[in-house]
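K.L.:
With these hints in hand, go ahead and build the complete structure from the sequences.
Respectively, the protein sequence lines represent chains Z and R.
Just so it is clear: in the first sequence, position 35 is 35 by the working numbering, and no numbers are missing.
Just so it is clear: in the second sequence, position 391 is 391 by the working numbering, and no numbers are missing.
These are computed hints drawn from the structure, not numbers from a lab.
Keep in mind it's a predicted model, so treat the numbers as computed, not measured.
Ideal placement from N, C-alpha and C gives every residue a C-beta, glycine not left out.
A couple of the hints might just be wrong.
[Stated by the list, open to error] Computed footprint of chain Z on chain R; a stretch qualifies when at least three of its residues, placed anywhere within it, have a C-beta under 8 angstroms from a C-beta of chain Z:
(1) 246-253
(2) 383-389
(3) 395-408
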Amino acid sequence: MAGAPVKKEPFYKALPWLSGTIVLIVGFVLWPTLELFLMSIRSIDISGVIEGWAGLENYRALIANIDLPAVLRRTVVWLVVVVGMTLAISLPLAQLMNAKFRGQKFLRYSIIIPWAASLVITATSFKWILDPYYGMMNLILKDLGIIKEDVDLLGNPSTSFIVLLVVAIFVSLPFTSYVLLAGLQSIPGEVLEAAKVDGAGAWKGYWTIIFPLLRPAFLVAAVINAVYVFNSFPIIWVMTQGGPGYETDTTTTFSYKVAFRDQDIGQSAALAVGNFIVIFIFIMLFLRLSKWREADQS
Amino acid sequence: MKKFRTRRIAAVAALGFATSFAVAAVPSQAADVTLKLVMAAYTDDMVDYYDGLSQDFENANPGIKVEVDVVAWPEIGQKVKTLIASGQSPDIVNNDEFAGEAAAGLLYRADQIVDAATLKDIIPAFMDNSKYKGTAYAVPDLASARAFFWNKEIIAAAGIKKAPKTWPEFLAAAKAIKKSSPGVYPYCLPLGPEEAQMPFTTWGGGNGARLYDEKTKKYTINTKLFKESTDFMKSLVDQKLTQPNPGKTQRTDGCWALFAKGKVGFVDGGVFLPDWLSKNGGENIDWAAGAFPHAPGKTDVTVGVQDYFKGYKAGGKQKEIQKFLTFLFQPDNYAGFLKAAGGFIPATKSAGKIAEADPIIGPYIKLLPKAIFYPGTVGSWQACKAAIVTYMGNAMSNTSKALSSIQAKCDAANKKA
Chain Z
1 MAGAPVKKEP
11 FYKALPWLSG
21 TIVLIVGFVL
31 WPTLELFLMS
41 IRSIDISGVI
51 EGWAGLENYR
61 ALIANIDLPA
71 VLRRTVVWLV
81 VVVGMTLAIS
91 LPLAQLMNAK
101 FRGQKFLRYS
111 IIIPWAASLV
121 ITATSFKWIL
131 DPYYGMMNLI
141 LKDLGIIKED
151 VDLLGNPSTS
161 FIVLLVVAIF
171 VSLPFTSYVL
181 LAGLQSIPGE
191 VLEAAKVDGA
201 GAWKGYWTII
211 FPLLRPAFLV
221 AAVINAVYVF
231 NSFPIIWVMT
241 QGGPGYETDT
251 TTTFSYKVAF
261 RDQDIGQSAA
271 LAVGNFIVIF
281 IFIMLFLRLS
291 KWREADQS
Chain R
1 MKKFRTRRIA
11 AVAALGFATS
21 FAVAAVPSQA
31 ADVTLKLVMA
41 AYTDDMVDYY
51 DGLSQDFENA
61 NPGIKVEVDV
71 VAWPEIGQKV
81 KTLIASGQSP
91 DIVNNDEFAG
101 EAAAGLLYRA
111 DQIVDAATLK
121 DIIPAFMDNS
131 KYKGTAYAVP
141 DLASARAFFW
151 NKEIIAAAGI
161 KKAPKTWPEF
171 LAAAKAIKKS
181 SPGVYPYCLP
191 LGPEEAQMPF
201 TTWGGGNGAR
211 LYDEKTKKYT
221 INTKLFKEST
231 DFMKSLVDQK
241 LTQPNPGKTQ
251 RTDGCWALFA
261 KGKVGFVDGG
271 VFLPDWLSKN
281 GGENIDWAAG
291 AFPHAPGKTD
301 VTVGVQDYFK
311 GYKAGGKQKE
321 IQKFLTFLFQ
331 PDNYAGFLKA
341 AGGFIPATKS
351 AGKIAEADPI
361 IGPYIKLLPK
371 AIFYPGTVGS
381 WQACKAAIVT
391 YMGNAMSNTS
401 KALSSIQAKC
411 DAANKKA
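P.N.:
Here is the structure:
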């Protein structure tokens, strides 16, 4: 670092420039978070009127909720399967997008389109494709003679969650594969050439050279994806509303149903606090990773 | 088109935006008091109706301004709740619940929100359903009763001469339809979130089951009677006599839409189904309606549903509220309300007399004495209803588990309220 030494100014002089950011952070981040915590320890009646403090009563009600264990289990499956499968598919996909061939541009465009469409639209499209009476899927399967009677994959508890997983993976692919593509493109060509000269085959070159260099991008994609997937509301809500029953709820849709169907706002807030803590951990993880990456690159 | 719009709105609401179906703000000159109304959109005609009504009311009552929000059914409960919780309580609301708000002390008494003459004109049975702990806190706006509808052509093709009266007769009829009309679902069972409490209550009611015991003040859902009726529903599903996905099927855009296309033999309908069919491509369906099948040795029931007008204390505008609702109940204005709502049973004796002559509505008015009502006067009913609706979605795979879960949730809500 060359140049004249910077004179340290007192902090208050920076306030006029920081005020906008501070107002935004306090107004849109800290205050709502505080309200959420307060709500979870308040007693709120079914008309939404605050009756007083509840202590840990809402948390107790949440733990006693007979549907909570299954929802928690499902949320873990949701997170692990969607993030895991997305990464597993995105790695070769990014490799393919990085390869030079005739349809490369076309491939890149067609992968980004599901990302450009809003989740609600994508989910609605799938819902209609799978509609038992008016959907394309049943029509095609029937014409091919694969099924005889109409089936409703979303209405059947044993298949609806699987369909949701597939759709969630589908919409997560563009972002993940593009992050990985960016990672691939940042790998200098000389490194690969050097590996080749040293006699590394394609498979060995990939696992010993490319993958380790790709790791920062891989981890960032994993964490950001986990946050998105964990918070994912539109796909589940549009396609099944967490139903039939609570069979396809994750904690996110479950807390909505507890608040607005069961009309227990306090219990829903208690669950939302739990969700907040999970997200908070993810974000901390992400910040750590990006710091580590900075250090790696400098 | 209509279907698409409601779906889209449901999706938007799901994202957490408070959306209103339509907003009709009426401009006015320097007014002293503004009445804020949140009213149910029975049909799209309600917006025009309230536009005209509030204009007339403002002309007749200088100094009072009226702002009406007409809100679709799936959103209205949540909208009202959000307004109250955020300190922007409306002054008048028209929807399907009152007991919870009455218990919370938010509402004026019924005699404070309409004048004595209007109150006297309300049908007493409906007034009784508007009481919380013996005091009326709401004024019924209209009611509906349900009936079993069938497609006459499909029934005739199956060689069924008489409408089935009991469960075994119904089962035989459904099997006959399955044989004679492949591709037709003999019965459409709507256990989706829209109104699953209705088939649950009707089938149970036909077996003598009731949701709530007034004497013990307890919900009576995990009972032998409901178990039998729910198992009977399950047996229909298991024998593939219903559509494939009862737990997801909504009443209106599921079962009724299939009925309108001639793909269903029997369907749960109501006094307003004929009006709906005529507007949604089912005008050519040759239908008939009658009583729901009941268990052998029991009697048939119909389920009555009534909605309410309520006045909220928060704004302190009792006099203006009373003026407006009394104005709405004037015979001409009330007739307009019923017409815009489309095919419901009037809540007043005077309008009821006129409706008795109506070929479609008339028979239902005679059915009403047989009607069982939801325990809408119990403060925890809304939460209990939510439990029924949710668990019915999966009840057809395990009825015992669903019933015990519903009972547990309803008991918990009952204890809290």
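K.L.:
If a hint holds in the structure, say so; if it does not, say that too.
P.N.:
Evaluated hints:
no. : hint    : result
1   : 246-253 : holds (count 4)
2   : 383-389 : holds (count 4)
3   : 395-408 : holds (count 5)
Consistency note: the structure conflicts with none of the earlier hints.
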